[in-house]
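Chain residues, written in single-letter form:
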Amino acid sequence: MFERFTPDARRIVTGAVEIATQFHHDALGPDHLLVALAGTGPNVATQAMIACGFDPGRAREDLARVVGSSGDDLNEEDAAALRSIGVDLDEVRRRTEASFGPGALERRRRWYGRRRGRVCGLPFMPEAKQALELALREAIRMDQRSIGPEHVLLGLLRLDATSAHLIRAQGIDPRRLRAEVERGLDHLRRRGA
Amino acid sequence: MDNAVDLASEATDADPAVGLRAVAALRKLLDRLEALQVDNARTLGWSWQAIADELHVSKQAVHKKHRERRPFRRGASA
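Line by line, the protein sequences give chains A and B.
Using the numbering used here, read the first sequence as starting at 1 and increasing by one per residue.
Using the numbering used here, read the second sequence as starting at 1001 and increasing by one per residue.
Just chain B, same shape as in the assembly (with noise of 0.2 Å):
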């Protein structure tokens, strides 16, 4: 936690390595918050379409990106 404390203050010297590093969270929490709202749309029935329109992405990339880890395929025999 003190380690934690510290880093916060530091980040105010606007030092690369904190600033990036936040970043770099930001974006694992950024994907991890993508990936649970995708899945929560899909399972509620919305279409990639409006996945996409909401995220202003391409249909194509949200597809891309998601449906490995859905690889539930509609229509799919199962």
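So that you can see chain A by itself, here it is in the shape it has in the complex (with noise of 0.2 Å):
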């Protein structure tokens, strides 16, 4: 499906494997997307983020928090607490983990077992696929043959996912955004004409 992809748009989609992989999250979700488009070079989707005071490193902290093993995880604080009313946080740490595998009380998984739709050996989370089919569409819309970083932009904001919390908790109203990126696309378009 990202035959009709610029290259901004494939290096969106392979920054945000990346980034999956990082955070070592086990699924690639809008989120990942939107982080990873925040990190392309200038063009009509960031500089709409930017004007809507979007802050890419935030969100990338948000997004470590949101679906990371930081953040709310159980700390030495909590271990003391616990014991101090007889629950003994190791020891049920270590049983979780025997069933479920390392780390299993700290991450906050967020895929459970089908194994489809495979990027880069990731799962595609279907939020994510739909957010690019999304862009498609905006594409289409627009009468433009090849899907950009602001149509994978206008496709995130249609989908109300993980993608849009991360905007949200900036206090940026997506619909906002999105309003920055037409009018940026308008601006091109008057000056290409």
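Hints in this document: simulated from the structure, not taken from any laboratory.
Because the structure is a prediction, the values reported are computed rather than measured.
Take these hints with a grain of salt, some might be off.
Claimed, not checked - EDC-like, lysine to aspartate or glutamate: derived pairs with alpha carbons at most 20 Å apart: (1) K1028(B) with E18(A); (2) K129(A) with D55(A); (3) K1028(B) with D160(A); (4) K1028(B) with D88(A); (5) K1028(B) with D90(A); (6) K1028(B) with E76(A); (7) K1064(B) with D160(A); (8) K1065(B) with D160(A); (9) K1065(B) with D1031(B); (10) K1064(B) with E1054(B); (11) K1028(B) with E91(A).
Build the complex from these two chains, which are given one at a time in their own frames, with help from the hints.
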């Protein structure tokens, strides 16, 4: 499905895979696409994000916190508090890891079982795929042959998924971001005409 | 570690701060275990209803709480 992607748009997908791998996430989601997109070189999508005050670094941190192993993991303080009521966190951890593997208590799994739609060896969450399909639809709607970063962003904005949470977490209304992208595209079109 | 020992001995004093902290930690642990078990049950093909029955909550409650972490929908094109 990537034949119609511009090199930049392809880089979003490979970048998203890299981020997910780096964070030890077991599937690629729309939020990985968003963070990867924010890291691409100046284009209508990233310019719109900047115009709305989107902070890529913060999104990356939020992504790690939302699905990662930091944030509200059980820490040493929790272990001490649990010990005070007779719960041995180390023992709970040992038993859950025996059944579910290392880091079972820490990791918030986001992918469960079905192993289809892999990209670069990583399962592709249906929502990530949906976002890219919506990107294609956006390109068709605009009568454009190839799918660029701006279409990917519009596709992501059409989904009420984890990617939208990352945007809203920064106090940005996805509709405003959408309007910014449309405006940027409009501007380009007018200059090209 | 000394800190932990102090904390554990303080608990016998029924200090609300220590007790409440324990409750908060327990809740965190509970959330983790629940997520882990629900995920595993779903992987094994359990229905939301079956999971809800075991947890003694409504299907709606368990679905609402866990579906976001598990965005996969049965029957969705993938």
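We went through each hint and held it up to the structure:
1. K1028(B) with E18(A): violated, 30 Å
2. K129(A) with D55(A): Between K129(A) and D55(A) the Cα gap is close to 24 Å, so the pair fails against 20 Å, i.e. violated.
3. K1028(B) with D160(A): violated, 27 Å
4. K1028(B) with D88(A): holds, 14 Å
5. K1028(B) with D90(A): With a Cα-Cα distance of about 15 Å, the restraint between K1028(B) and D90(A) holds, given a limit of 20 Å.
6. K1028(B) with E76(A): Holds, at about 13 Å.
7. K1064(B) with D160(A): Holds, at roughly 15 Å.
8. K1065(B) with D160(A): holds, 16 Å
9. K1065(B) with D1031(B): Distance of about 10 Å is within 20 Å: holds.
10. K1064(B) with E1054(B): Distance ~16 Å between K1064(B) and E1054(B) Cα, so the pair holds.
11. K1028(B) with E91(A): At roughly 16 Å apart (the allowed maximum being 20 Å), E91(A) and K1028(B) satisfy the hint.
Hint compliance for this structure: hints 1, 2 and 3 are broken, all remaining hints hold.
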